[in-house]
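Using the hints provided, position chain B with the ligands relative to the given structure of chain A.
Chain by chain, the residues run as shown.
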Amino acid sequence: MLRSAWRSLLHHKLRLVLSGVAIVLGVGFVVGTLIFTDTLNQTFTGLFADTTSDVVIAPSEDVQSSGFAGTVATLPAALLDEVAVVEGVAKAGGQVFADGVAIIDSAGAVLGTTGAPQFGSNWNDDEDLTPYRLTEGRGPTAGGEVALDSVSADKAGYAVGDEVSLVAPQGALTATLVGIFRYGTSGNLAGATIAAFDTATAQQLLLGGKSGYTEIDLVAADGVTQEALAADVGAVVGASATVRTGKEAADQAAADITAGLAFINIFLLVFAGIALFVGTFIILNTFSMLVAQRSRELALLRALGATRGQVLRSLIAESFGVGLVGAVLGLGVGVAVAFGLEGLFRAIGADIPTEGLVLLPRTVIVGLLIGVLVTVVAALAPALRASRIPPMAALRDDIALPARSLRLRAIAGGVLLLGGLAAMAAGASAGGASGSQLVGIGVVAALVGAIVVSPAIAGPLVRVLGFAFPRMFGTIGSLALQNAERQPRRTAATASALMIGLALVTALTIFATSAKSSINQVIDRTIGAEFLISNQTQRPFPEQVALDVATVPGVASVSPVKLLPAQVNGTDAALVGVDPETWTDMASLTFTSGALDGLESGGMAVDAQSAADAGLAMGDMATVLLQTGSADFTVTGIYEPAGAFSGFVVSSAALVPAGVEMGDSFIYAKAVDGADLTTVQADVTAALAAFPTVQVQSQAEFKEQITSGVNQILLVMVMLLSLAILIAILGIVNTLVLSVVERTREIGMLRAVGALRRQIRSMVVLEALVIAVYGAVVGLLLGLWFAVALQRTLVDQGIEVLDVPWLGLVAFLVLAGVVGILAALWPAFRAGRLNVLEAISTE
Amino acid sequence: MSTAAEGLESSPPGPAARAVDLTKVYGTGETAVTALDSVSVDFDRGRYTAIMGPSGSGKSTLMHVCAGLDSATSGTVYIGDVDLTKLRDNELTRLRRDAVGFVFQAFNLVPTLSALENITLPMDIAGRKVDQAWVDGVIDTIGLRDRLSSRPSQLSGGQQQRVAAARALASRPQIIFADEPTGNLDSRAGAEVLSFLRRSVDDFGQTIVMVTHDPTAASYADHVLFLADGRIVDTMDEPTADRVLDRMKGFDGKGRRS
Ligand SMILES: Nc1ncnc2c1ncn2[C@@H]1O[C@H](COP(=O)(O)OP(=O)(O)OP(=O)(O)O)[C@@H](O)[C@H]1O
Ligand SMILES: [Mg+2]
Numbered sequence: 008m009l010r011s012a013w014r015s016l017l018h019h020k021l022r023l024v025l026s027g028v029a030i031v032l033g034v035g036f037v038v039g040t041l042i043f044t045d046t047l048n049q050t051f052t053g054l055f056a057d058t059t060s061d062v063v064i065a066p067s068e069d070v071q072s073s074g075f076a077g078t079v080a081t082l083p084a085a086l087l088d089e090v091a092v093v094e095g096v097a098k099a100g101g102q103v104f105a106d107g108v109a110i111i112d113s114a115g116a117v118l119g120t121t122g123a124p125q126f127g128s129n130w131n132d133d134e135d136l137t138p139y140r141l142t143e144g145r146g147p148t149a150g151g152e153v154a155l156d157s158v159s160a161d162k163a164g165y166a167v168g169d170e171v172s173l174v175a176p177q178g179a180l181t182a183t184l185v186g187i188f189r190y191g192t193s194g195n196l197a198g199a200t201i202a203a204f205d206t207a208t209a210q211q212l213l214l215g216g217k218s219g220y221t222e223i224d225l226v227a228a229d230g231v232t233q234e235a236l237a238a239d240v241g242a243v244v245g246a247s248a249t250v251r252t253g254k255e256a257a258d259q260a261a262a263d264i265t266a267g268l269a270f271i272n273i274f275l276l277v278f279a280g281i282a283l284f285v286g287t288f289i290i291l292n293t294f295s296m297l298v299a300q301r302s303r304e305l306a307l308l309r310a311l312g313a314t315r316g317q318v319l320r321s322l323i324a325e326s327f328g329v330g331l332v333g334a335v336l337g338l339g340v341g342v343a344v345a346f347g348l349e350g351l352f353r354a355i356g357a358d359i360p361t362e363g364l365v366l367l368p369r370t371v372i373v374g375l376l377i378g379v380l381v382t383v384v385a386a387l388a389p390a391l392r393a394s395r396i397p398p399m400a401a402l403r404d405d406i407a408l409p410a411r412s413l414r415l416r417a418i419a420g421g422v423l424l425l426g427g428l429a430a431m432a433a434g435a436s437a438g439g440a441s442g443s444q445l446v447g448i449g450v451v452a453a454l455v456g457a458i459v460v461s462p463a464i465a466g467p468l469v470r471v472l473g474f475a476f477p478r479m480f481g482t483i484g485s486l487a488l489q490n491a492e493r494q495p496r497r498t499a500a501t502a503s504a505l506m507i508g509l510a511l512v513t514a515l516t517i518f519a520t521s522a523k524s525s526i527n528q529v530i531d532r533t534i535g536a537e538f539l540i541s542n543q544t545q546r547p548f549p550e551q552v553a554l555d556v557a558t559v560p561g562v563a564s565v566s567p568v569k570l571l572p573a574q575v576n577g578t579d580a581a582l583v584g585v586d587p588e589t590w591t592d593m594a595s596l597t598f599t600s601g602a603l604d605g606l607e608s609g610g611m612a613v614d615a616q617s618a619a620d621a622g623l624a625m626g627d628m629a630t631v632l633l634q635t636g637s638a639d640f641t642v643t644g645i646y647e648p649a650g651a652f653s654g655f656v657v658s659s660a661a662l663v664p665a666g667v668e669m670g671d672s673f674i675y676a677k678a679v680d681g682a683d684l685t686t687v688q689a690d691v692t693a694a695l696a697a698f699p700t701v702q703v704q705s706q707a708e709f710k711e712q713i714t715s716g717v718n719q720i721l722l723v724m725v726m727l728l729s730l731a732i733l734i735a736i737l738g739i740v741n742t743l744v745l746s747v748v749e750r751t752r753e754i755g756m757l758r759a760v761g762a763l764r765r766q767i768r769s770m771v772v773l774e775a776l777v778i779a780v781y782g783a784v785v786g787l788l789l790g791l792w793f794a795v796a797l798q799r800t801l802v803d804q805g806i807e808v809l810d811v812p813w814l815g816l817v818a819f820l821v822l823a824g825v826v827g828i829l830a831a832l833w834p835a836f837r838a839g840r841l842n843v844l845e846a847i848s849t850e
Numbered sequence: 002m003s004t005a006a007e008g009l010e011s012s013p014p015g016p017a018a019r020a021v022d023l024t025k026v027y028g029t030g031e032t033a034v035t036a037l038d039s040v041s042v043d044f045d046r047g048r049y050t051a052i053m054g055p056s057g058s059g060k061s062t063l064m065h066v067c068a069g070l071d072s073a074t075s076g077t078v079y080i081g082d083v084d085l086t087k088l089r090d091n092e093l094t095r096l097r098r099d100a101v102g103f104v105f106q107a108f109n110l111v112p113t114l115s116a117l118e119n120i121t122l123p124m125d126i127a128g129r130k131v132d133q134a135w136v137d138g139v140i141d142t143i144g145l146r147d148r149l150s151s152r153p154s155q156l157s158g159g160q161q162q163r164v165a166a167a168r169a170l171a172s173r174p175q176i177i178f179a180d181e182p183t184g185n186l187d188s189r190a191g192a193e194v195l196s197f198l199r200r201s202v203d204d205f206g207q208t209i210v211m212v213t214h215d216p217t218a219a220s221y222a223d224h225v226l227f228l229a230d231g232r233i234v235d236t237m238d239e240p241t242a243d244r245v246l247d248r249m250k251g252f253d254g255k256g257r258r259s
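First to last, the sequence lines map onto chains A and B. Under the working numbering, the first residue of the first sequence is numbered 8, with each subsequent residue one higher. Under the working numbering, the first residue of the second sequence is numbered 2, with each subsequent residue one higher.
These are calculated hints, taken from the structure and not from any lab test. Hints may contain errors.
As the list claims (entries may be wrong) - Partner residues are not named here, just some residues of chain A that face chain B (Cβ under 7 Å, in silico):
{"hint": "1", "residue": "481"}
{"hint": "2", "residue": "482"}
{"hint": "3", "residue": "489"}
Heads up, the beta-carbon is just placed ideally off N, CA and C, and yes, glycines get one too.
Isolated chain B, as found in the complex:
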């Protein structure tokens, strides 16, 4: 088993990702929707951050813009010390490939590739050599060594999400973004994925940002951001499921009143 020390070598100081005054407006004129409204946030290294908030509050948008999948209307995003808003498509793609990991709600895997090939996909695309010892460590952590040659269609939903998480981790990105990674899973399968993510933070010092609707899922994180109407309205450290649930109820009430 690898240790935190060899997990992320020579990380520069400062947050893994940072958003400054980030605004995202969809559409123009009458139909314009402000999905993000001057959001500023730091995602610290080696921390597990959960983003919560009602549907339509801008969680996915924040994640997509921070991960370089979408562009901001105004404001700046940094991954490490690289300003994403200044990059062109190819540079952005390379940055995603090398510095960012993803876990989506579903359809994470390429159906024609085996589990192992899916895990090493970003490195294979980059034509980079796979760090075998590291990948072996990751595979042992997800506990799917005997299913490595299976195709995604032969894996359960939970297993697929664990493979997706392993892929996100395998290229040792500076930061992993996960959008409702357990949204499609039952509580047991969800727990498997969440504890794997937790362990990758604890054991490898990975930085993770995860969007979720589930207070239990949020309780795996070190830190919770609460979003409403495109703004960060609250934060919470050392969350537990009950406290998150309480806070959410408060919000929904507030949200409705306002």
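Looking at chain A on its own, in the form it has when it is part of the complex:
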């Protein structure tokens, strides 16, 4: 029996290839994702293990310091001297390392990927105490000198000896490039830029001249373990700082970086999941058809004395073979995928210090297991059915495998689908966190339900969607329709990938357009200022900027705003410091109780949601903990949250006693009535020449910037989902090729009695078209429902408008049709080419 399984495998090469491709892709993406993750993990763990000293001391913080507030937690310089003399310490060094020094490239633009940190650092020549390894020149030893990481120097076009423009928190400066270094073995630190100065300059630029350090590194003397030294140093340092072993610190750093990259892995795994899902369907289809076609052969084997078990085993052996071959090839594809991902990372500016990809035995095992298991499980149902073919069937002319009823599916799937839709509706009207959860559960239930119920509704829906076919294409049209209806399971499975893909794309698209419309509406309603001035580095800028802008003719008033991290009554919160006098002109909030007036006398305005979360009501006293100290405020106003406008608003002046010395996060500016806005904007820009990273945006540009962020996220997601749709094409091709093979005789018949090649081709194309459109229509409807539910749920979060891009949805539908037609081209060509005689005499 095994030999017969092997023969039939070789005999059906085409089927082998088609079902193989799906497995190869599915396994390939799972394996590629694993390899890439392992490679990242291993290299970053290795990188930090190499570059971290034996013991690391860092400041203890109650309120997390953050770049956007420009605050950096430090250790006192005296601590370095204290720990340096602890027994067992061979060397001690103080590090200054913080976000906030932007490198301006030789063309005058700010260097760096959006979002990636721009680190400034001090330089230390002792390689035991620093991760930097010089590749060129020397380390900076005096003010006016800088060293850059090799990727930044390369990208910015600077060579040793050049004058480098930089923007530090205090303002712009230039320095001579004296050295270029690598971060350990890597060209840079996972995409961040690093500019290193002598320690005094670094302290001046990053710590505002304080003589402290952000971290102290210790090297243990020979024979002293990291743990022992950490314990001894911990006793000296006390609670004022945290002491970790180098291993702990390195692992933490590696984990932080890989966690930051996790979203890519999630996307890849989702994609791999869809590939495997479609692959499973393709295999299931293939084997169902294989069994149907070979039922006579199998019955003959049974008649000749093969037992049910033997038939079953032979089919399982066959699927095992396909799965194994597919999985092995998938491993190869996985390596290619991992290479591709690495290249992608390089392209976006993150240098990954790889000594090659990391292929763990676990990856190989998982890949093989997935490939083989998925194939065997998918083949199991058809194989079981095949083993039930009675031996007598060999003697009969046409064998129909018993068709299973769709009733159970219709009921189970219908309940799941409707339940999911209802859950979404309920979640949407409930809103809030529990509402979102309900919507999420509903989406999953509805998707699963739709897949389960699909075979039961595919027949009728195909008839409805293709109602015009018979009138437009005559008999060929109705034949195509009947072919699509004939095997509702197969039609449903074929359409499922397209259905899921389109449901997600539709939901995302509608949600994104709604988000954009909502953002625009909120800005129109709440911002009265014509201009917004902000820093491209996302960091605070000097208060001098506001003063400069105020003097520009045409500017009526300016209102600086500070954003800083804080804890309000023990929970983390964003604090907004404003100038109450001018702020009212710039932003209009709707107060449900109280007003903005209270701010001047130490009051605080809170949005209703944050107030509820922090348990605050009008008149309550709130303790606000800042990095530099704390302050008490009375709640004097509660307003309705409006999109981005939410949080705790206080007067900036009231923060000064708590030690806040930061610059401004952004500035609102209002123009004089009747002034020419373009001229005013140009004048403001000119006035900001001393601050190259500070920009002025009109309200329209500001909206554009926010919505373009939404667009970018949308684009990435749609691109990944389009890959899923590519796989859907594969599924359609597979189904059609197999259908053509299965209907060889019928097609031969049609040709014999006079159907032209062109007509046969049209028949196949129309079948594909109606299947694709079926999947697309169901997907679009689901996506529409998802998006409405999501928008309703998030009304409170500022997504207050539902904006359905109908034209886009129509485009999706058309695109799905085109996908169907494209997928049909090759199978249709094959069907048209069938030799009439051979088709008729096919056994």
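Positioned in the frame of chain A, the structure of chain B with the ligands alone reads:
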């Protein structure tokens, strides 16, 4: 019931189909098989011809080439006065659709179509209007009026073959080719199909060429051609089952001796 007169309107004179010096060689070199060896034959209008001969003698090949399903290695085939060897695929397909009817041994019907839809299929594919009165006549002759909406899978083998024969007749082709149309049927069901074919010749003046192994089936025909090794070795008019059987025995003997 229609009459012979309105069966085939305005047929041009001459045979319905004609093969001249027809040779068909499968393969090349050592493995070449000569399935037809310079066969010349006329299929006269309104005649029912049976082709007989041992297995592998070239019966099906002759039929396929004459019907435009296969190409000849050399020689010419005419349907009416059209030379098939000069036609391209689309023209050939149209000719098959409009001028030729087929009944195969099995798998004649499209499973998704009802019996009636199968009968009118060639005309539907051509986008031609169905001659309702004619089709009604044909349906009455096959006697399956009450099963017209059934799918092929709901019909017996004999019923399926009768539907196939009705389809062949419904488009009023110049000639019908049937390859062992009763090969899969028991004698009673076979008789139903054969008498239907006979009646279509008698009542409608249809031209039929039928390949068969069964002397009884051949006895329904007006004329029998005997094929051996790709050549016509004998003919017989007014056949009866016994005479055909006798002749076949002679042949088998001859065939073995040679
Ligand atoms: N496609 C083909 N390729 C090669 N040889 C073929 C092909 N079709 C038929 N032959 C050969 O041509 C010869 C005639 O075959 P044909 O099918 O016409 O015989 P037949 O008289 O119809 O036989 P049967 O009574 O068994 O149906 C045989 O020797 C056969 O092996
Ligand atoms: Mg034959």
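Hint by hint, here is what the structure shows:
no.	hint	result
1	481	holds (6 Å)
2	482	holds (4 Å)
3	489	holds (4 Å)
Of the hints listed earlier, there is not a single one the structure fails to meet.
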